[in-house]
Amino acid sequence: MNTLELQLDDVTQFFCDVGQHGWSDLIVAHKGDLLIFRVSQVITDFPSEVLKIARAIIENSPIRAALCDEPGGAVIAVEPDKKQPHTSILSIYEINGEIAGFDETEEGNLVLSLRIRRQRLAGMLLAELWKTHVCLKHTSYQNGRSGFPHKELKELNNIWNESDLGPSFVK
Numbered sequence: 001m002n003t004l005e006l007q008l009d010d011v012t013q014f015f016c017d018v019g020q021h022g023w024s025d026l027i028v029a030h031k032g033d034l035l036i037f038r039v040s041q042v043i044t045d046f047p048s049e050v051l052k053i054a055r056a057i058i059e060n061s062p063i064r065a066a067l068c069d070e071p072g073g074a075v076i077a078v079e080p081d082k083k084q085p086h087t088s089i090l091s092i093y094e095i096n097g098e099i100a101g102f103d104e105t106e107e108g109n110l111v112l113s114l115r116i117r118r119q120r121l122a123g124m125l126l127a128e129l130w131k132t133h134v135c136l137k138h139t140s141y142q143n144g145r146s147g148f149p150h151k152e153l154k155e156l157n158n159i160w161n162e163s164d165l166g167p168s169f170v171k
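Numbering-wise (this note's numbering), the sequence shown opens with residue 1 and increments by one.
Derived from the structure by calculation, the hints contain no laboratory data.
Since the model is a prediction, treat every value here as computed from it, not as a measurement.
The reader is advised that the hints may include incorrect statements.
To be verified - Cβ pair distances, simulated, as ranges:
(1) E106 to Q20: 37 to 45 Å
(2) V11 to L110: 18 to 26 Å
(3) L35 to E70: 13 to 21 Å
(4) A100 to I159: 28 to 36 Å
(5) H138 to D164: 18 to 26 Å
(6) G32 to L8: 28 to 36 Å
(7) E162 to D33: 31 to 39 Å
(8) S61 to T139: 35 to 43 Å
Even glycine gets a Cβ: it sits at the ideal position worked out from N, Cα and C.
Given these sequences and hints, build the entire structure.
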């Protein structure tokens with residue numbers, strides 16, 4: 001699809017479940033459907049990859065990130081919209097088959113492409129990570145989960161406060 005044809009999307013929602021025992025999920029609610037991309041912590045540091053994506057959105061920089069499962073997964077691509085700098089073009093490619101541990105250059109099958117406000121997309125991703133950050137203060141929630149970039153999340157939230165997106169609403 002030509003990116004010029006993409007209408008601004010204000011309804012799609014993103015959820016990041018940093019799961020137990022090395023499994024996480026990126027869940028996308030789009031037009032009544034759920035797209036669920038499982039991520040293996042053995043191959044991909046899910047919270048750190050989501051932080052990289054959010055940082056690129058805040059900085060209005062292009063990024064491609066691999067979210068690997070065992071096998072398959074997804075590649076998330078975000079491109080700044082040169083004509084509308086407050087928006088980004090987000091594309092998700094599903095990687096099928098026997099590939100395990102691919103990188104961000106893998107193309108796969110395009111399953112979603114949309115134009116979305118940068119502030120909204122960054123906010124959804126950081127809010128999901130912030131939720132995990134707060135929940136990890138509870139011992140029972142920590143069970144089966146390891147390694148979370150608490151410091152980097154706080155630093156990125158501060159970067160957002162200083163960006164052209166205006167102050168972060170994730171507190």
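So, going through the hints one by one against the coordinates:
Range check, E106 to Q20: Cβ separation about 27 Å, and the 37 to 45 Å hint is violated. Taking the beta carbon of each, V11 and L110 are about 19 Å apart, inside 18 to 26 Å as hinted. Checked against the hint of 13 to 21 Å, the C-beta distance between L35 and E70 comes to roughly 19 Å, which is consistent with it. For A100 and I159, the hinted distance range of 28 to 36 Å is satisfied, since their beta carbons lie about 33 Å from each other.
Between H138 and D164, the C-beta spacing of about 35 Å breaks the proposed range 18 to 26 Å. Checked against the hint of 28 to 36 Å, the C-beta distance between G32 and L8 comes to roughly 18 Å, which is inconsistent with it. In this structure the supplied range 31 to 39 Å holds for E162 paired with D33, their Cβ-Cβ distance being about 36 Å. As the Cβ distance of S61 to T139 is approximately 38 Å, the hint placing it in 35 to 43 Å holds.
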